[in-house]
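K.L.:
First to last, the sequence lines map onto chains A and B.
When you line the first sequence up against our numbering, it's residues 6 to 557, in that order.
When you line the second sequence up against our numbering, it's residues 229 to 373, in that order.
Hints are not guaranteed to be accurate.
List of simulated lysine-lysine pairs, DSBU-like, C-alpha gap at most 35 angstroms [as the list claims (entries may be wrong)]:
#1 Lys247/B <-> Lys271/A
#2 Lys392/A <-> Lys328/A
#3 Lys514/A <-> Lys538/A
#4 Lys335/A <-> Lys229/A
#5 Lys247/B <-> Lys251/A
#6 Lys276/B <-> Lys247/B
#7 Lys280/A <-> Lys250/A
#8 Lys247/B <-> Lys328/A
#9 Lys34/A <-> Lys251/A
#10 Lys196/A <-> Lys229/A
#11 Lys247/B <-> Lys250/A
#12 Lys170/A <-> Lys328/A
No lab work stands behind these hints: they were computed from the structure.
Because the structure is a prediction, the values reported are computed rather than measured.
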Amino acid sequence: MYQYTEKDQQLVNDRVEQYRDQTHRYLDKKIPEDDFRPLRLMNGLYIQRHAPMLRVAIPYGMLSSTQMRKLAHIARTYDKGYGHFTTRTNIQYNWPQLEDVPDILAELASVQMHAIQTSGNCIRNTTTDPLAGVTPDEIEDPRPWCEAIRQWSTLHPEFAYLPRKFKIAVTASPIDRAASQIHDIGVHLVKNSAGETGFEILVGGGLGRTPHLGQQIHPFLEKKHLLSYLEAILRVYNLLGRRDKKYMARIKILVNKIGIEAFKEKVEAEWQAIKNSDLELPNAEIERLQSHFQPHAYQARASEDLTLEAQLNTDPAFNTWYKKNTAEHKQPGYRVVYLSLKSFSRPAGDISDQQMEAIADLADQYSFGEIRATFNQNLVLADIEQKDLYALWKALVTLDLAKPNIGTLTDMIVCPGYDFCSLADASTLDIADQINARFDDLDYLYDLGDIHLNMSGCLNACGHHHTGHIGIMGVDNKGEFYYQIRLGGSASEEAKLGTALGRGYPADKIADILEAILNTYVENRLEGEPFIKTVDRIGIKPFKENANAITH
Amino acid sequence: MPLLINRTVAEDNWLTVDKPTELPAGNILVPLEDYLEATEAFSAHSGKVAVEVTPDDDITPLLAEPNRFELIAIHFPDFSEGRGFSFARLLRRAGYTGQLRATGYVTRDRLGYMQRCGFNAFDIPDEHYQTDDVQAFDEITVHYQ
Ligand code: HEM
Ligand code: SF4
């Protein structure tokens, strides 16, 4: 994992003191409310329905056990004993006091963490594949590049007042586990025909009111030019992005307005001017960053263990969990383990301070002290030796983190909705409960196979409803909560935006409607055909007819 | 209007002229748009002429020969406007060596970023100015860019 240099540490320390001073001046009424707003936002502090909300950055989703313990400590000391993992692999606290935030930031700085640029119209936390460095299908580890982007974008003096927020995701595998196509910039490590690695760059993805997938702006960028190219894109966007209307301000609107070709021309022109500047990444710096992400000291003979086989044969519950919640590791004898934050007893992504402490201990015991967050709001212990899986599973069961539902219908992405968010049109948490209550038969869920259900409480799309195989979006229908349902979306390497079935359905009918949709799938699917493929093949009409039959 | 130049309070030797129909004597600061429309008329002016850029302006004409001016001002109409930061960088990159002044909604908490983009003068409105504002330049002591 990346370790801060003195300079990295100095920067976050300075930032804490700067923000402490800003908070004091705000409380002394020396900074007006409106001016304090962007300042607090750039330190992750929103004001929400009940209280402020603090969003802490987890750069590219990587956490050490020490950091996880600190997050637990903050939840306990400054909040109500829990936190919420978001779709951008950050963690949010829903109940901090505004006056406490400088102290919380100081606590974070003591473990090389911060809340810099986790909201506001600036470059946000860079995200990546939660299986970076351990998945057999990757070209190379994307995290050193993420760290390069983190540093370049942190307190960038020119890009702190962009037209709108800006999100970057990096992947290094043909399988996209980072939803890169719905980011303002998607960076893909790819190989060219000569076998060299470089970056394919996408631009203009984003959800919200007018969703768009990213379009290719560069097919193969030489690695050393990554930062100059990003800077060129950001500069063109900063100068030309619309600022008159919030909903027209994302880069996706600019790219689609002038067209990708015209946009590319402007970026290339700007890039020529800065390509050979000090933005060029020297080899020594690339190697320094890479040195922080070397493979762990794996046991060479881990795969010779025979206990796993026996445990899988004798304990069906373990076997099911193994199949659903673990994934292949590039090192023989190791597995990647998903910790489901979608147990039915808590909102998706929520985690208690005790769970955080326990996960930190398990990470120390079994997984080189590291934890990762995923955009589907789950956690990952990435390096588990197969002989330890059984013991780990037992521990996770006790912690309510072993629900074997990864990738199934109840592994939902859910934004906080009306209960917490002042922008919401409708609640989401009770709808998630309704779905969990109805679809609690795991065998039925397994039979349905891979289904991604994503839910947002309004059109801002924090819950990625456009890219769910099934997407649910809350709407306000004359003061009542209604829900629009979409089908056929995906955030994978074959990303697509879903199509809405109609205007919306009443809150108490959502589980019924889903059941009708799922039955339509089961009746129509071909042998082995996943849900999303059936939707592609037969279109949404039969689903819509069956869904509408429920409400008519 | 306290004016900070290179971090010290300085005298303003320029007169801002919003509607340049009748030009006062001395050194004047006029909107870029007006200057570009009537460049010749301004060249007849006895004092020096400087220009003020607003966010919607196209600064391409300035970039060709920025050192024609001893002072270029960039106006920030409000706290969220960010184009001026890129203007400043582009002007410095084009070789501009004169005074680059931030005007309009200039407040303590953006001084550091402004300086790092190339501004060296800050026209801070009275109601925002505190004598310890200069400290803001050193709040963050290290940077990556
Ligand atoms: C509760 C406080 C929250 C507020 C006020 C809020 C507000 C917003 C708004 C206004 C947008 C649309 C931005 C735009 O299109 O320009 C947005 C987008 C987004 N939010 Fe939130 N959000 C909140 C919480 C969350 C949470 C908890 C998550 C994660 C689960 C989240 C993840 C996202 C993501 C990923 C997007 C980007 C979608 C896109 O690409 O357009 N937000 N949020
Ligand atoms: S989608 Fe809407 S309701 Fe949900 S968190 Fe975002 S802004 Fe709030």
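K.L.:
Confirm or reject each hint.
P.N.:
Hints, one by one, checked against the model:
For the hint pairing Lys247/B with Lys271/A, the CA-to-CA distance comes to about 34 angstroms; that is within 35 angstroms, so the pair holds. With a C-alpha separation of about 16 angstroms, the suggested pair Lys392/A and Lys328/A falls inside the 35 angstroms cut-off, and the hint holds. Distance restraint check for Lys514/A and Lys538/A: the Cα-Cα separation of roughly 25 angstroms lies within the 35 angstroms cut-off, and the hinted pair is therefore satisfied. At roughly 27 angstroms between alpha-carbon atoms, Lys335/A and Lys229/A fall within 35 angstroms of each other, so this suggested pair holds.
Among the hinted pairs, Lys247/B with Lys251/A is consistent with the structure: their alpha-carbon atoms are about 32 angstroms apart, no more than 35 angstroms. A distance of roughly 17 angstroms separates the Cα atoms of Lys276/B and Lys247/B; the hinted pair therefore holds under the 35 angstroms criterion. Proposed proximity of Lys280/A and Lys250/A is supported: the alpha carbons are some 32 angstroms apart, at most 35 angstroms. For the hint linking Lys247/B to Lys328/A, the alpha-carbon distance of about 74 angstroms lies beyond 35 angstroms, and the restraint is violated.
Our distance criterion of 35 angstroms between C-alpha atoms is met by Lys34/A and Lys251/A, whose separation comes to about 28 angstroms. For the hint linking Lys196/A to Lys229/A, the alpha-carbon distance of about 15 angstroms falls within 35 angstroms, and the restraint holds. The suggested pairing of Lys247/B with Lys250/A holds, with an alpha-carbon distance near 29 angstroms, which does not exceed 35 angstroms. A C-alpha spacing of about 38 angstroms is found between Lys170/A and Lys328/A, which places the hinted pair above 35 angstroms, so the restraint is violated.
The structure shown violates the earlier hints numbered 8 and 12.
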